[in-house]
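**Student:** Starting from the given sequences, assemble the full structure and let the hints guide the process.
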Amino acid sequence: MGIDLTNGAPPYSRAPCALGPISGSVAACVRCSRRRRGTRSGQQEPHQHQLDPVREAVEEMVKLRSKCLLLGDAAVGKSTLCQMFSSDGVHFQRSYTMTAGVELFTKCVSIADSGHSVELYLLDCPGKELLAEACDHMWGAPWLLCLVFDLSNEQSFLSCDRWMERIKAHSLGNTVSGVLVGNKSDLSERRVVPLEQAQDWAQTHTLAYHETSAKELDTCSAPLLSLAQTYLSLYEQSCETSRSLLT
Numbered sequence: 023m024g025i026d027l028t029n030g031a032p033p034y035s036r037a038p039c040a041l042g043p044i045s046g047s048v049a050a051c052v053r054c055s056r057r058r059r060g061t062r063s064g065q066q067e068p069h070q071h072q073l074d075p076v077r078e079a080v081e082e083m084v085k086l087r088s089k090c091l092l093l094g095d096a097a098v099g100k101s102t103l104c105q106m107f108s109s110d111g112v113h114f115q116r117s118y119t120m121t122a123g124v125e126l127f128t129k130c131v132s133i134a135d136s137g138h139s140v141e142l143y144l145l146d147c148p149g150k151e152l153l154a155e156a157c158d159h160m161w162g163a164p165w166l167l168c169l170v171f172d173l174s175n176e177q178s179f180l181s182c183d184r185w186m187e188r189i190k191a192h193s194l195g196n197t198v199s200g201v202l203v204g205n206k207s208d209l210s211e212r213r214v215v216p217l218e219q220a221q222d223w224a225q226t227h228t229l230a231y232h233e234t235s236a237k238e239l240d241t242c243s244a245p246l247l248s249l250a251q252t253y254l255s256l257y258e259q260s261c262e263t264s265r266s267l268l269t
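Number 268 in our numbering belongs to position 246 of the sequence shown; there are no gaps in the numbering.
Treat the hints as calculated values from the structure; they're not laboratory data.
A couple of the hints might just be wrong.
[Stated by the list, open to error] Here are the simulated PhoX-like cross-link-like pairs (lysine-lysine), alpha carbons at most 20 Å apart as the crow flies:
(1) Lys129 - Lys85
(2) Lys237 - Lys129
(3) Lys190 - Lys150
(4) Lys89 - Lys190
(5) Lys89 - Lys129
[What the hints assert, rightly or not] Ranges of calculated distance between the beta carbons of each label pair, as one might list FRET restraints:
(6) Arg265 - Ser136: 17 to 23 Å
(7) Lys85 - Gln221: 29 to 35 Å
(8) Ser266 - Thr226: 29 to 35 Å
(9) Glu238 - Ala134: 20 to 26 Å
(10) Gln177 - Glu258: 35 to 41 Å
(11) Lys85 - Arg188: 28 to 34 Å
(12) Gln177 - Tyr257: 35 to 41 Å
(13) Thr263 - Glu218: 31 to 37 Å
(14) Cys261 - Ser210: 39 to 45 Å
(15) Ala97 - Thr197: 25 to 31 Å
Beta carbons are placed, not taken as given, at the ideal position from N, Cα and C, and that holds for glycine.
**Tutor:** Now the structure itself:
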């Protein structure tokens with residue numbers, strides 16, 4: 023959104039301050055951080071504050087950034103999904119290469135009808151137990167989770183319980199939001215994990231559920247959008263909490 027400051031109008035305009043409910047005898051203007059004493063009737067005297075159009079524009083165009091851990095057993099397709107995510111389907115890993123350390127991929131996801139975008143920092147973590155233990159100190163406190171299993175490998179689905187326990191140990195008591203992804207949906211004849219079972223597990227752990235094939239980009243976009251929407255929702259909840267503390 024462009025702002026024209028060359029039409030002779032001053033870069034700052036004055037507008038009434040809209041305060042929320044008054045608590046006690048002191049109120050804070052959220053937009054200009056001006057604290058004022060209430061009148062005897064408990065009502066606030068309206069005042070004027072300056073609006074900076076440049077600042078207003080920056081606040082409207084929010085670009086969020088979030089770290090997202092990709093976890094799951096070895097060979098479930100995490101790295102291939104990451105490459106498809108970050109390259110918009112240009113790069114498909116046709117041969118298996120075991121991930122030995124944490125690899126970083128980035129993807130900016132625009133959320134339709136919101137004007138916002140979320141830049142996801144995807145941390146592709148090794149699935150082998152020994153390597154995972156050596157790398158989990160790099161996780162930090164997880165913000166988002168993308169937990170992947172192979173629809174044709176029941177053990178990889180059963181291992182999701184173990185991965186969730188490890189995530190909880192890093193979450194400092196906070197609920198970790200994200201998605202459960204059943205990968206390799208193109209191997210329908212080899213499928214061993216029923217849809218209902220995977221959906222129930224995801225719901226129990228407050229995760230959204232998606233099925234993907236790393237060979238098909240259109241199925242890969244849904245988990246990314248879900249992650250971005252989840253983080254935007256968390257951001258908006260945090261903003262609302264902050265506003266309530268100031269009013």
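**Student:** Quick one: which hint numbers does this structure break? Sort them smallest to largest.
**Tutor:** As far as the earlier hints go, not one is violated by this structure.
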